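Colleague: Here is what each chain is made of, one letter per residue.
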Amino acid sequence: MKPLRIALTKGRLENKAVDLFSRIGYDCSAVREKGRKLILPMGDSIELVLAKAADVITYVEYGVCDLGVVGKDTILEKGGSYYEVLDLGFGKCRFALAGPKEAADFFSGYSVKTVATKYPRFAANYFENKAMDVRIIKIEGSVELAPLLGLSDAIVDLVETGTTLKENGLRVIEPICEVSARLIVNAASMKLRKAEIETLTGRMERCVRKSSSNGKEKSAC
Amino acid sequence: MRKNNRITPEGTKDYLFEECLTRRYIERTIGDVFSSRGFHEVVTPGLEFYDVFDPDFSGIPQEVMYKTTDRRGRLIVMRPDSTLPIARLTATRLQNLPKPLRLYYTQPIYRNNPGLTGKSDESVQTGIELLGAGGIRADLDVISTALEALGKCVPGYRLELGHAGIFHVLAEQFPSGENLREEIRSAIETKSYARLDGILDRLPQSEPVRAMRELPRLFGGEEVFERASLLRGDTRLAGILDDLHGIYRSLSQLEQSGRLMIDLGLVQRNDYYTGIVFSAYVEEFGDAVLLGGRYDNLLGHFGQPMPAVGFAVNVDAIAKTLLARGNVCPVLPMDILVHGETGYEVKALEYAADLVAQGLRCETSVLETQDGAVAYAQSSGIKRIDFVGETVKTVNLI
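As they're listed, the protein sequences go chains R and A. Those letters in the first sequence? Residues 604 to 824, by my numbering. Those letters in the second sequence? Residues 691 to 1088, by my numbering.
There could be a bad hint or two in this list.
Unchecked claim - Counterexamples of contact, computed for chain A against chain R with all Cβ distances above 10 Å:
(1) 787
(2) 805
(3) 850
(4) 859
(5) 868
(6) 904
(7) 951
(8) 973
(9) 991
(10) 1021
(11) 1053
(12) 1081
(13) 1083
To be verified - Under the rule of at most 30 Å between Cα atoms (straight-line distance), these lysine-lysine pairs were calculated in the DSS-like manner:
(14) 619/R x 655/R
(15) 809/A x 640/R
(16) 741/R x 716/R
(17) 797/R x 1010/A
(18) 809/A x 655/R
Said to hold, decoys possible - Listing some non-contacts, in silico: residues in chain R with all C-beta distances to chain A over 12 Å:
(19) 619
(20) 688
(21) 740
(22) 754
(23) 793
Rather than coming from a laboratory, the hints here were simulated on the basis of the structure. These numbers were taken from a predicted model, which means no experiment stands behind them. C-beta atoms are modelled at their ideal positions from N, C-alpha and C, and glycine is treated no differently.
So that you can see chain R by itself, here it is in the shape it has in the complex:
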């Protein structure tokens, strides 16, 4: 039987996810000492693939990885068809519309506003649902710069603590939605390898529930 392949978002979510796997009893030594390797064994039955967030979705959608750990922000931006079976509870932050503190009410007036964002599809959806015409400009790096430089009236971005906003004279105009890390599963894998996948997701779910109820993340599950 070939191992289950899990695509894991590199960076922010990586350590928390590896902690979760080790708490449910997988041998994560190869992952912790990974060097430059991108495909890593985790015991005999699982293989971890390290990838950028949007690529996690691509690999899972095409079934070259059976499962993936990826932020809800990427899911909302990229879409696609796969199962989203578990909220892993970590990597929590939220999408918000933010703008300069002293600016007039964003929703007032009739002039078309300009919004800068790293998440153009998500932002476009948000304003479509409000039946608002806005100009959306895609920015790759620190989106907070756009209103400060006068490129846009506001931004749509992820906010964790709000410190970056505050230090740059911005404030949240409207929170949009909460995001956190999710476990996604390829549709064909879910059907063809149901027992293995359900065992794994069952253990992950119990562990996530336990750590959210007792507030500790380090205890074994």
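Guided by the hints, dock chain A onto chain R, whose structure is given.
Modeller: Okay, now just chain A, sitting in the frame of chain R:
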């Protein structure tokens, strides 16, 4: 301006040699199964009016359709699906034929996929539609055809059964609007357990709410029918489950090797399905290779209400699977190259025709010299050359 005359549009490709042979093999094998079961082939136009695929009842989003206009400015699309044109055809030109009608097709469909995803915008589908027949016998007939068709070309497939009615019946009992209903459907479709719980927690708890919560978890083998006891409180749902279980048992008699699965949470967006729905998977392909179901309300949109059931097989996906498995239809070199000497060209053509009549695969040489013919035979793997002059001289190449 830069010319695009050396490339093909994104989402399309040329199919060559063993890819073509493998596709044709699949089309022929499955087509033979269809016609042996009394289905008759039809071809519908590649261009149709947009109204045939009206998203309101087709479930096909308008941005997915390739569009143009006809000479009078009316909106035309490149066929994004074959079931709707067949429904149109049945409701119009075939309306007076005795029912049930058994039709099959093998033709490409076109979908404008998002860019840079590697998805095919043009893909060949082959499928059947059984029109004017309701009930379990028709369902069984169509699904057993699917099993036979897949069994003949992709061993190792799994087929999954569900029922569109389950969600519809449960959703009717909800005090909820269209938006909430769509939110619930999408959470079930993507098996987003957490999101579904979040939505349902906001509603007053009742039997249908509890049943809805279980829906995406109810997939697996025959034991699903026991786990689904929560759904049996409603008589319509109990009836649906009994029918589905009956079909499952009947199909198990045809297909012993555990290829059948149940998923009561199959709630496709393609919302024209009203009854049983089914899809098939193979390990090499990350998406369904066959999709089908019962669509009893669709013909009504074309003015001739009647029950119908059918499915479509993604021929390209199966060809890809077979090629990946190494089950390639090999491109064989010809048996004989026939080279006519100068002045004997016509005799060579006649001679080659005789060989072909004997069942050999023959190619006539179009090269000017014997040396040229030998070099050509060697480079294309042809093992024998017959030189036709006053007499015929056979040369076997090593």
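Colleague: Hint by hint, say whether it matches the structure.
Modeller: Hints, one by one, checked against the model:
| no. | hint | result |
| --- | --- | --- |
| 1 | 787 | holds (38 Å) |
| 2 | 805 | holds (13 Å) |
| 3 | 850 | violated (6 Å) |
| 4 | 859 | holds (23 Å) |
| 5 | 868 | holds (14 Å) |
| 6 | 904 | holds (15 Å) |
| 7 | 951 | violated (6 Å) |
| 8 | 973 | violated (6 Å) |
| 9 | 991 | holds (26 Å) |
| 10 | 1021 | holds (28 Å) |
| 11 | 1053 | holds (41 Å) |
| 12 | 1081 | holds (61 Å) |
| 13 | 1083 | holds (56 Å) |
| 14 | 619/R x 655/R | holds (16 Å) |
| 15 | 809/A x 640/R | holds (29 Å) |
| 16 | 741/R x 716/R | holds (14 Å) |
| 17 | 797/R x 1010/A | holds (24 Å) |
| 18 | 809/A x 655/R | holds (20 Å) |
| 19 | 619 | holds (17 Å) |
| 20 | 688 | violated (5 Å) |
| 21 | 740 | holds (20 Å) |
| 22 | 754 | holds (26 Å) |
| 23 | 793 | violated (7 Å) |
The structure fails hints 3, 7, 8, 20, 23 (numbered hints given earlier, in ascending order).
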